[in-house]
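Engineer: Here are the chains, one letter per residue:
Number of protein chains: 2
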Amino acid sequence: MKISLAEINSKVGDLKYNANLIKKHADIANKNGAEILVTPELSLCGYPPEDLLLEKEFIDRCHYYLIEIAEKFPKIKIIVGHPRRKNKLLYNSISLLYRGKINKVYDKQELPNYGVFDEKRYFSPGKKPGIFKHKGKIFGLLICEDIWEMGPLEELNKLNVEYVICVNASPYEFNKTKNKFNIIQNRLNKLNDLNLIYLNSVGGQDELLFDGNSFITKPKKHNVNNLTFFSGQFISQNIIADFSKKDHIKITRKCEKFPFHRKILEDPIDQRDSLNKERYLIYNLLNGLLLAMKDYVEKNSIKKLFLGLSGGIDSAVVLFIASKIVSKENLTAIMMPSKFTSKASKDDAKKLSSNLGVNYKIIPIQKHIKIFEATFKNDFKGLGKGIAEQNIQARIRGMILMAYANKFNGMVLATGNKSEMAVGYSTIYGDMVGGFSILKDVPKTMVYKIANEINYKEIIIPQRIIDREPSAELTENQIDKDSLPSYEILDKIIDLHIEKNYSQKELIKFGFSRKLVQKVVRLVKTSEFKRRQSAPGPKITSKAFGKDRRYPITNKFQL
Amino acid sequence: MKISLAEINSKVGDLKYNANLIKKHADIANKNGAEILVTPELSLCGYPPEDLLLEKEFIDRCHYYLIEIAEKFPKIKIIVGHPRRKNKLLYNSISLLYRGKINKVYDKQELPNYGVFDEKRYFSPGKKPGIFKHKGKIFGLLICEDIWEMGPLEELNKLNVEYVICVNASPYEFNKTKNKFNIIQNRLNKLNDLNLIYLNSVGGQDELLFDGNSFITKPKKHNVNNLTFFSGQFISQNIIADFSKKDHIKITRKCEKFPFHRKILEDPIDQRDSLNKERYLIYNLLNGLLLAMKDYVEKNSIKKLFLGLSGGIDSAVVLFIASKIVSKENLTAIMMPSKFTSKASKDDAKKLSSNLGVNYKIIPIQKHIKIFEATFKNDFKGLGKGIAEQNIQARIRGMILMAYANKFNGMVLATGNKSEMAVGYSTIYGDMVGGFSILKDVPKTMVYKIANEINYKEIIIPQRIIDREPSAELTENQIDKDSLPSYEILDKIIDLHIEKNYSQKELIKFGFSRKLVQKVVRLVKTSEFKRRQSAPGPKITSKAFGKDRRYPITNKFQL
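For the record, the sequence lines run as chains A and B.
Take 1 as the starting number for the first sequence in this note's numbering and just add one per residue.
Take 1 as the starting number for the second sequence in this note's numbering and just add one per residue.
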């Protein structure tokens with residue numbers, strides 16, 4: 001018995017495109033003798049459709065395409081994820097299509113409504129287990145959160161299912177895979193001898209990034225090595241799993257010829273060298289960021305990209321990623337030096353652009369600064385130079401980038417990282433300008449690791465960019481450390497405070513000074529207004545800014 | 001028997017401040033012989049606390065202050081709204097404090113998770129009705145959504161309650177009051193002869209605005225006129241309701257001496273003239289906008305405000321509102337003319353500033369434009385002038401405003417309206433710059449009505465600002481109608497499409513041309529990326545942009 005798993009990369013709202021994608025996978029499944037085709041959670045409409053779900057016609061159109069797929073492939077069983085309306089309620093459902101009809105429906109029972117999820121905003125919970133028979137074997141169905149709550153899986157077990165198919169749209173988080181798999185293994189170990197088929201979608205959608213990494217496994221008590229399979233991260237593919245042998249699963253991968261269904265990084269990093277775990281995780285993260293940017297750009301039909309290249313590490317990494325997404329003539333890096341821009345920055349920016357072969361422009365902003373200085377001369381007299389003057393420089397740069405983007409119908413890439421976003425070390429309407437912020441959830445220390453990974457085989461990012469003390473270069477001899485703790489320390493505090501939710505009091509117990517903790521916590525709180533006006537970027541940690549973390553701007557809570 | 005209703009204006013997270021506010025109201029209640037003091041939903045922490053609710057210490061501190069209030073006022077029954085943790089679950093609760101302790105607890109049963117609400121993200125639903133006895137009478141408790149779902153009220157009725165106390169944090173919507181009241185009246189009419197006491201909070205919190213408008217009523221079958229009382233909108237006050245007479249409720253209002261607890265608009269509009277309904281609604285809306293801005297500014301400790309005065313109607317209305325919020329020396333209007341700025345705009349801006357007595361600056365931007373033009377001269381050669389050039393002007397203005405705000409530690413007020421926000425007729429990082437966007441949910445046609453209301457007694461906004469054809473003045477002889485339908489038509493489409501959720505197909509059935517509908521719907525969809533980076537502003541319609549309407553940016557749904 002062969003089952004085909006389609007790790008498809010749906011486009012939210014593009015029902016026709018998604019339906020065609022499912023049909024192409026049905027063709028592959030057919031050709032390879034698979035009897036069942038499985039597609040991810042809400043595969044037909046993309047995940048998350050958000051308030052599109054409140055539109056009646058959106059739900060109607062999903063039904064239309066569902067039937068269209070069913071009619072076209074009467075001979076193969078196809079599992080499709082879609083929203084379903086019944087008695088004025090909406091469900092997050094999967095339908096088993098067979099013989100030209102909807103043969104079986106299962107409604108998701110556990111609706112996540114935490115973190116980035118808002119499923120209770122839209123859906124009602126299903127009440128019944130989903131079961132179907134195929135060739136005398138009992139199959140059970142689950143959707144994503146169903147498997148993370150105690151109950152639905154155990155119920156299927158009681159019903160003596162032999163195969164559990166769990167379809168997902170489960171967002172990527174750095175280093176989550178192993179933990180996730182172990183939890184499920186421990187649960188399985190208490191159950192009958194069943195096969196778990198866990199299928200996840202692949203692709204980027206606004207703030208979310210789905211990593212695939214589908215797997216097939218059995219309870220640990222068996223010799224699972226030969227019965228466990230991982231599909232890998234960020235590769236949209238079709239996996240034909242043959243369950244006819246008792247002692248192993250035979251896997252065939254089909255991933256060519258589909259849009260988005262190819263490995264997007266042409267191996268600049270040699271995977272065979274990835275002996276140490278951290279390097280491998282960083283390599284996968286980089287792959288994920290590439291996919292996130294690629295999908296944002298392609299799904300929004302953006303052709304040209306612009307970014308400000310400062311000579312620092314963030315814009316260097318963003319430029320590298322962008323250079324893999326669009327062709328070189330569609331990517332323009334602009335260095336906009338002021339009198340505070342060091343020669344090192346100018347040289348390194350130029351070198352990097354040349355290494356990557358992208359368009360490179362130098363637009364000095366000293367004249368622009370002068371005009372603004374003259375504008376404020378009288379009103380700012382005697383007040384000394386400060387943040388206002390620094391922000392003016394960042395905003396001139398933002399303006400220049402936006403002018404190019406507007407003129408050539410392109411998009412500016414924001415280059416800020418999570419550490420900056422956390423403490424507001426950024427200029428709103430200045431360096432925060434952009435349509436997509438690929439490093440938004442990547443802490444600065446991780447940006448360095450990515451840069452090292454990019455440089456692993458050959459120096460692409462000039463080494464000095466990585467080695468130099470980070471500086472915004474907005475005033476004389478400025479370095480980030482003048483205003484902030486070292487990024488090693490800052491990122492530890494951010495991890496504990498933002499991602500793990502430790503309070504000020506608890507942070508002090510971790511050994512950070514009270515003064516430092518108070519400063520960081522205060523900066524995080526008072527920067528909320530900036531983050532609200534920031535570009536979206538993909539969640540890659542356990543708690544990202546954006547829909548994952550919803551703090552009031554007006555917030556007077558203090559300890 | 002006297003009950004004191006405290007329409008308090010809590011500050012989210014400022015538990016000490018809120019506790020003190022409740023204590024002051026307890027003093028008032030005591031002094032006026034009230035036996036029960038009622039405060040709104042989540043009065044102790046403010047509504048909505050959002051992800052602060054996920055912090056353990058936040059919940060602990062709420063408990064601490066709850067006990068502090070109980071101990072200080074052992075003789076009066078005080079109803080306080082607060083989050084409550086029990087067995088690792090969180091509830092949206094009210095406690096009845098009496099004799100120094102928590103005497104009774106009620107957990108909200110119906111948790112709204114639609115529109116602007118995310119209560120299922122945080123809270124578990126209560127399962128039991130809330131009942132207490134006072135002087136031999138049975139009281140029932142409800143929290144906000146409890147009264148809008150069939151069930152909890154009817155259950156209290158079965159338990160023979162004589163008084164139902166429903167505490168709320170129910171956001172304002174234009175013209176919602178009467179409908180809301182009628183729905184409840186119809187429900188009451190099917191019940192026993194009970195008294196309903198409906199208390200709502202007052203104040204602004206980020207995107208939300210609470211209007212008070214508490215009421216007391218009985219089922220309609222009685223002669224309700226003498227037994228019905230409305231507190232009015234946007235006045236934070238303490239209402240002492242004496243229920244000792246059978247045929248009427250005796251009301252005493254106490255609203256002096258509390259911060260935020262005064263009527264904030266010193267009657268520039270004579271309420272006695274408000275004979276026609278629409279004028280009265282607009283007058284109340286204006287009051288609400290004043291409170292929303294005042295609360296955002298004061299609760300965020302912002303001292304100085306800056307805005308760009310274009311000579312158009314939006315910035316005129318925003319300036320009027322701001323002039324009532326901060327003292328005149330803390331408010332600066334800046335006119336930033338280019339060669340496209342008409343004499344009428346310059347004259348009217350000046351006149352308005354002088355009418356309001358605020359700081360007024362003229363900063364021509366022609367020189368700045370020239371520098372940027374020179375910057376792009378080569379690269380934009382032969383491409384003609386367009387949006388890029390228009391945006392440059394708007395962005396220079398944004399930069400100038402931000403420089404003042406940064407230098408003087410103030411905030412820029414964004415001046416865009418809902419019609420512009422809907423179709424993206426605005427420049428991101430240009431005229432969209434600002435910390436708060438008071439007209440964000442106010443359609444352009446309503447902005448005109450507000451302007452007329454402001455001018456009702458005397459001309460404050462020069463009449464020409466109201467009468468002139470709206471224009472962005474970003475190029476030669478430009479008027480909004482060149483790019484958009486008339487605002488009368490656009491606002492009707494926006495009302496139907498955004499607020500009432502009618503699809504493109506349905507809009508055409510309303511009689512709008514297919515071409516126009518397609519254009520507007522497309523503009524709404526493609527402007528989502530701009531709205532995501534826009535400043536917050538108060539929801540005043542049934543569906544506002546922001547947390548009320550959550551659309552994907554990457555969205556390919558088309559009909």
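Honestly, the hints are just simulated from the structure, not real lab data.
You may find that some hints are simply not true.
[Claimed, not checked] Computed cross-link-like contacts, SDA-like style, restricted to lysine to any residue with a CA-CA straight-line distance of at most 20 Å:
| no. | chain 1 | residue 1 | chain 2 | residue 2 |
| --- | --- | --- | --- | --- |
| 1 | A | K190 | A | E154 |
| 2 | B | K56 | A | F376 |
| 3 | A | K547 | B | Y114 |
| 4 | B | K16 | B | Y64 |
| 5 | B | K104 | B | H63 |
| 6 | A | K343 | A | Y502 |
| 7 | B | K367 | A | F376 |
| 8 | B | K88 | A | K509 |
| 9 | A | K180 | A | E154 |
| 10 | A | K509 | B | K31 |
Keep in mind that this is a model prediction, so the values were computed, not measured.
Engineer: Starting from K367(B), check that the Cα of F376(A) is at most 20 Å away, please.
Structural biologist: holds, 13 Å
Engineer: Mind checking the alpha carbons of K180(A) and E154(A) for me, to see if they're no more than 20 Å apart?
Structural biologist: Holds, at roughly 18 Å.
Engineer: Against the 20 Å threshold, does the CA-CA distance of K343(A) and Y502(A) hold or violate the hint?
Structural biologist: violated, 42 Å
Engineer: Take the C-alpha atoms of K16(B) and Y64(B), compute the straight-line distance between them, and say whether it is at most 20 Å.
Structural biologist: Holds: K16(B) and Y64(B) sit about 10 Å apart, inside 20 Å.
Engineer: Does K509(A) lie within 20 Å of K88(B) when you go C-alpha to C-alpha?
Structural biologist: violated, 23 Å
Engineer: Do the alpha carbons of K190(A) and E154(A) lie within 20 Å of each other, as the hint requires?
Structural biologist: holds, 9 Å
Engineer: Please verify whether K509(A) and K31(B) have alpha carbons no more than 20 Å apart.
Structural biologist: violated, 46 Å
Engineer: Within a Cα-Cα threshold of 20 Å, do K104(B) and H63(B) meet the stated pairing?
Structural biologist: Holds, at roughly 14 Å.
Engineer: Quick one, are K547(A) and Y114(B) close enough, alpha carbons at most 20 Å?
Structural biologist: At roughly 15 Å apart (the allowed maximum being 20 Å), Y114(B) and K547(A) satisfy the hint.
Engineer: Keeping to a limit of 20 Å between CA atoms, is the pair of K56(B) and F376(A) held or broken?
Structural biologist: Status violated; Cα separation ~47 Å.
In terms of the numbered hints stated before, the structure departs from hints 2, 6, 8, 10, listed from lowest to highest.
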